[in-house]
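Protein chains: 4
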Amino acid sequence: MTTPQPLRIGMIGYAFMGAAHSHAWRTAPRFFDLPLEPQLIAVAGRNASGVQAAASKLGWSSTETDWRRLIERDDIDLIDICTPGDTHAEIAIAALEAGKHVLCEKPLANSVAEAERMTEAAGEAAKKGVFAMCGFTYRRTPALALAKRMVEQGRLGNIRHVRAQYLQDWLSDENAPMTWRLDKSKSGSGSLGDIGAHSIDAAQWVTGQKITGVSALLQTFVPERPLAGDLVGLGGHGDVAGDAPRGAVTVDDAAIFSARFDGGASAGAASAGAIGVFEATRYALGRKNAMRLEVNGTRGSLAFDFEDMNVLSVYDAAESPDAGFRRIMVTEPEHPYVGNWWPTGHGLGYEHGFTHQVVDLVNAIAEQRQPEPSFADALQVQRVLGAVEASAAAASRWHDV
Amino acid sequence: MTTPQPLRIGMIGYAFMGAAHSHAWRTAPRFFDLPLEPQLIAVAGRNASGVQAAASKLGWSSTETDWRRLIERDDIDLIDICTPGDTHAEIAIAALEAGKHVLCEKPLANSVAEAERMTEAAGEAAKKGVFAMCGFTYRRTPALALAKRMVEQGRLGNIRHVRAQYLQDWLSDENAPMTWRLDKSKSGSGSLGDIGAHSIDAAQWVTGQKITGVSALLQTFVPERPLAGDLVGLGGHGDVAGDAPRGAVTVDDAAIFSARFDGGASAGAASAGAIGVFEATRYALGRKNAMRLEVNGTRGSLAFDFEDMNVLSVYDAAESPDAGFRRIMVTEPEHPYVGNWWPTGHGLGYEHGFTHQVVDLVNAIAEQRQPEPSFADALQVQRVLGAVEASAAAASRWHDV
Amino acid sequence: MTTPQPLRIGMIGYAFMGAAHSHAWRTAPRFFDLPLEPQLIAVAGRNASGVQAAASKLGWSSTETDWRRLIERDDIDLIDICTPGDTHAEIAIAALEAGKHVLCEKPLANSVAEAERMTEAAGEAAKKGVFAMCGFTYRRTPALALAKRMVEQGRLGNIRHVRAQYLQDWLSDENAPMTWRLDKSKSGSGSLGDIGAHSIDAAQWVTGQKITGVSALLQTFVPERPLAGDLVGLGGHGDVAGDAPRGAVTVDDAAIFSARFDGGASAGAASAGAIGVFEATRYALGRKNAMRLEVNGTRGSLAFDFEDMNVLSVYDAAESPDAGFRRIMVTEPEHPYVGNWWPTGHGLGYEHGFTHQVVDLVNAIAEQRQPEPSFADALQVQRVLGAVEASAAAASRWHDV
Amino acid sequence: MTTPQPLRIGMIGYAFMGAAHSHAWRTAPRFFDLPLEPQLIAVAGRNASGVQAAASKLGWSSTETDWRRLIERDDIDLIDICTPGDTHAEIAIAALEAGKHVLCEKPLANSVAEAERMTEAAGEAAKKGVFAMCGFTYRRTPALALAKRMVEQGRLGNIRHVRAQYLQDWLSDENAPMTWRLDKSKSGSGSLGDIGAHSIDAAQWVTGQKITGVSALLQTFVPERPLAGDLVGLGGHGDVAGDAPRGAVTVDDAAIFSARFDGGASAGAASAGAIGVFEATRYALGRKNAMRLEVNGTRGSLAFDFEDMNVLSVYDAAESPDAGFRRIMVTEPEHPYVGNWWPTGHGLGYEHGFTHQVVDLVNAIAEQRQPEPSFADALQVQRVLGAVEASAAAASRWHDV
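Protein chains in written order, with the numbering used here: chain A, 25 to 425; chain B, 25 to 425; chain C, 25 to 425; chain D, 25 to 425.
Honestly, the hints are just simulated from the structure, not real lab data.
Taking lysine-lysine pairs in the DSS-like style, the calculated list, with each CA pair at most 30 Å apart, reads: (1) A:172 x A:151; (2) A:210 x A:81; (3) A:81 x D:81; (4) C:81 x B:81; (5) B:210 x B:81; (6) C:210 x C:81.
Beta-carbon label-pair distances, calculated as ranges: (7) B:40 x C:251: 47 to 55 Å; (8) C:70 x B:28: 24 to 32 Å; (9) D:236 x A:77: 49 to 57 Å; (10) B:418 x C:27: 56 to 64 Å; (11) A:387 x C:323: 33 to 41 Å.
A few chain C positions that, by computed beta-carbon distances, are all more than 12 Å from chain D: (12) 50; (13) 74; (14) 93; (15) 111; (16) 137; (17) 396.
Quick reminder that beta carbons are idealized off the backbone N, C-alpha and C, glycines included.
Looking at chain A on its own, in the form it has when it is part of the complex (with noise of 0.2 Å):
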């Protein structure tokens, strides 16, 4: 066994999103055979102190406190960007055009215009070799992945429906603080760009459609929140004193929109596309983090809730009368992904997607492939995102994508 060459990681932001992907990083490589080994080489924050203590915690050798240096080193081939979306644009399209891999969170952008510059500059970088990867996590779910390819071998037969929740219930409590989340000159959106943007993403993924249409609403339940003293944190867990300052939230608190699919490459008369009902909010509660993805066609059904992420359920009508659906733990080692961790029924958690969407990315870059999901696919569903808001801004009449 030779040693695979080192491909050299300089991280941006160091919050929820940088400690789930150091640990991908330090992870990937003693489950999955790497052709390339990554290297936690430096993380980037604006708080000296700060950025020092997380990469003493999550493993990085050393540290910057402006990211335009950490794109200038030398010792850098890949920026992993997990920073709040209004940086997103800026950071990504100077990492490709110093020539560095991109790896960045989701949403895409905050604005489809910002989207379309990153996606220009995805293109041009590579023609040169350089790729740029959008963080789609989710895809990398063994049961969803599991989902895509039972659609691609035709065991749904033509999609009908597709039905999308994202429910969360952290911001329920109308005193839970002020974040940046919450701030659209920050964070771009609500629930849409936070958690509607997978359910987009998944749907159209796993169903192989595209969105060409939506019908939306929005809607702000609580217009103000106690300003609490990091506005950058995680968010949603423990309240503010009553007394607190409050801020604006100036983002959608939910997000309900129906949408038409295009009925996928090979569509004809006999797959006019699917119909699709999409509910993102963080106001539902007891829902945790219920990401949902229903999807019914001619031949079969298929149904996912990230809260009970092992398991797929599928139903194949052939079976009829005694059909029903099968609850499938994704967790055979003929499974995506799953064949490198435990034994049959030993489950997975949050984390694994990370380390999934790393060795993706990883053997992508190896291959002088194009990773997925790419920036144009992360375009799309930007453009869904801003679809959706200029329908909701217009009494719900429907909106082209």
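Given the coordinates of chain A, work out where chains B, C and D should sit on it, guided by the hints.
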């Protein structure tokens, strides 16, 4: 114990709904103490031999082949309408004008105009102690009745989200035969009025709020279907030979809409009303009768699925961090309707809702008060159905109810 | 259509089981085409006013206060025994000798000796075309009937494991009142015979195998309970005042046993028989009527829980690696008994099992063949109950049936 | 922040358990603040190339091919034993005598006699500040740790029932290859010690009660299996060619036993102790890693299934009549271990238990207190295993522990 006075019933129609209603009339006095004794006097239907066989099978003492004759009879106190929606208005108005109480299947009518005339007739009749009720029978499912009780007790706080799905799959097979339910002239609409109407009524009733506006999408997946001999049958089971002549499906196969609620009777600034997502389809393969309702409030949530009809799931945020959806077996004697049946844990079935409906109706008539849902309640549902169709016809643009 | 001949019923006892049986006799001909028409001729009970009220409520034409008189009547063809177990033998034998068919509630008797005499009487009667049946009604739950069908079709392969639980909680409160079910002289045993007997019968019936030996443990958690006025009631709901006199509980509160099965009729070297675990208790707080059965074979598995009675879960190993427990809604017209009821997905309730039991019994009598479960089948269950008690009394030592 | 002192680890064995332990040692300091810094110094295994590859893959700095040499090394503070059970006693005693802390995989040993000697050695070592711990890792599943907390808080009242199943299916295929786990000389027992031991420990730990006696049944379904090349592998996945030579299975395939508990430390007349049912098998087709525990007390119940490992279901009788099993997502920051990981609803996986185990062990060593489960705790489990085997060998006769 004195013998109760009789309540003499005449029923029109004897298919699926006729069988369910007959069972309810026969069974209610065996498990409940009724102030009036239902007597199954006569059943009416156009086909003489068919109606005679039905009378014998279902327990009716006599038959009529013209519903007008049934209304003219002196030995009938209540007309039970189990026919397709295009006949409801004429029959119900005639019966009420003839001084007969009326139980009318849902949806109340095939148009708002019809429903308005029926409601007017019901209002006039009520002044004379003659009452009309619409058969939104899911209200009588113990779990949904418990849900309403909990909302009324304030256990959910102010309602923010309503999530209503009614998913079936009996039309998924494109060779399933044409039925009257797919003929707009008979049924008024498709999934929307047949099953979506149940969701609308249940959502409004459980939350105590009215829908004030909608944005909608309607879809017909299979535009024509093979004609079977009998178009008045239940439909849905069994294919028809492939070379059978085909008839046009003139209704929606699926209906999706978002909605806003009025915040309830006591709605003020603090309770601006909920938003809702509704979906009704007969093409969700694997979902057999998934009439689901989830409601999220500021203090708690509840969730129901008719496929597990004896269960209500309830979440109480005050129990945090050890809160969770509590799976209540709604089979305790303290639960609505349940004390008259079996011991704890011995669940009820679909037809019990009809029996409970009869119990509530008979009690209301005996006590000379308006039974619920009234025609006015059903008219409100009809107005929502109308708004859904109007929005769908206008590129999903928001439409006030 | 010729009018069917009558089958004239006399019922003894009118509490919980009497209400369930009455409903079945009334309802069966309304949904099924029966070759004989059940007529509810007379009900017997010791308390004259009680039995008259019951007759009126449950639909019986006349009453008797002595069950012997009921058996003497010429206008009775079938005796339906709904009394506590200590009376079964005397009544059933007398009825059979008088030429009456018998439907006897379970468990068949309070001892193996009684059950043997009853089985002998049933054997003699059968020679004269008079039949006896024992009311193990769970066999008539569609999901369990489907389970048996699947085992017979070989879809599970050779059976290895049986896992049967019957969990209730209505005695968990130590102040729940004394009832006849806790008096060994009346009921024979406690959880063992009341609910464990159902598990034994279901396990043997579904697998097609007999239990050949057991090792058992019996436990009484609450040795005495407050005496309520009426010891013949259903029991279980509601406390009695703390200072009420207390009576001794003389039966088991919980029964646990392991078992070996005989491998079925065709058992050879390759199918050495399954092993089983059984548990019956009324102290499993939160489990209301969890009559559960799981069977694992060499090719597949099935699982059932009466708390979700319209569902059977089935696992087919041939579908591996995408195998999973398939949640079959047992509400299709092709499923046992279901075609005579409602459309797909409209579930049945507890009492339907009794209606199906009547349907099967009436058909067997009309066709002059032995209905199942026969008294001989029930005697086998009684022998298992006896072996359980013997093993428990001998330090759990293995005891052959 | 001062740099913590190192805790230098040497691990013996590098298969399934070795991979899990390595991951834990690497990951624990990244998510938890540890008072000592684990260093992965050396891994030992008999096969030189195998152990070198494992060291590289799993992150160990050096290797040994003789475990005795590992114990002799001065640069090792703790010996982590991940080998089959036949080697545990010799290694653990040698390590403790050499002044090394010990983490030993379960079951502690292959016999009670070995376990007693190990416990004695651990007792001697503890006097010198050298500690031993046994790896019953399921204790570190957050949901089971929450279960124990709830029992300790008295939320279940006095325990009456314990219901423990550990169901797998990876040996159901009779052509799955022979492994060391099926060789009694290596593994001590089959399902009993491999998975049943986990159930015994979890049941005793969660309830705070010891098992005092058992009645048991052991069964071997497949008496011989094809021999594969490597008998030390994980086993279970994939068939071997039909004509491969076969080896004798010398352990149980399934274990069933009933048990009595001692009522806990404060047991008096009012809490006579619970009764339990245990079942362990690798032949329950469709059950992949169903490590289940249900406990019923006088005030409430709890239920857990490792196939849904982030959930604990809890029933509180005080909520009656609206009580129900509450499905707690054990992903809140207040839940055991959870606060160091991800936001609410982002579940953990199988390997997290090993990480938590390391955290608890490192903390105990740093604070110079006995980590749990101690060897004495594990000896108690071993005694139950011994009693099960003794009872099974004596016609299931009750056997005191």
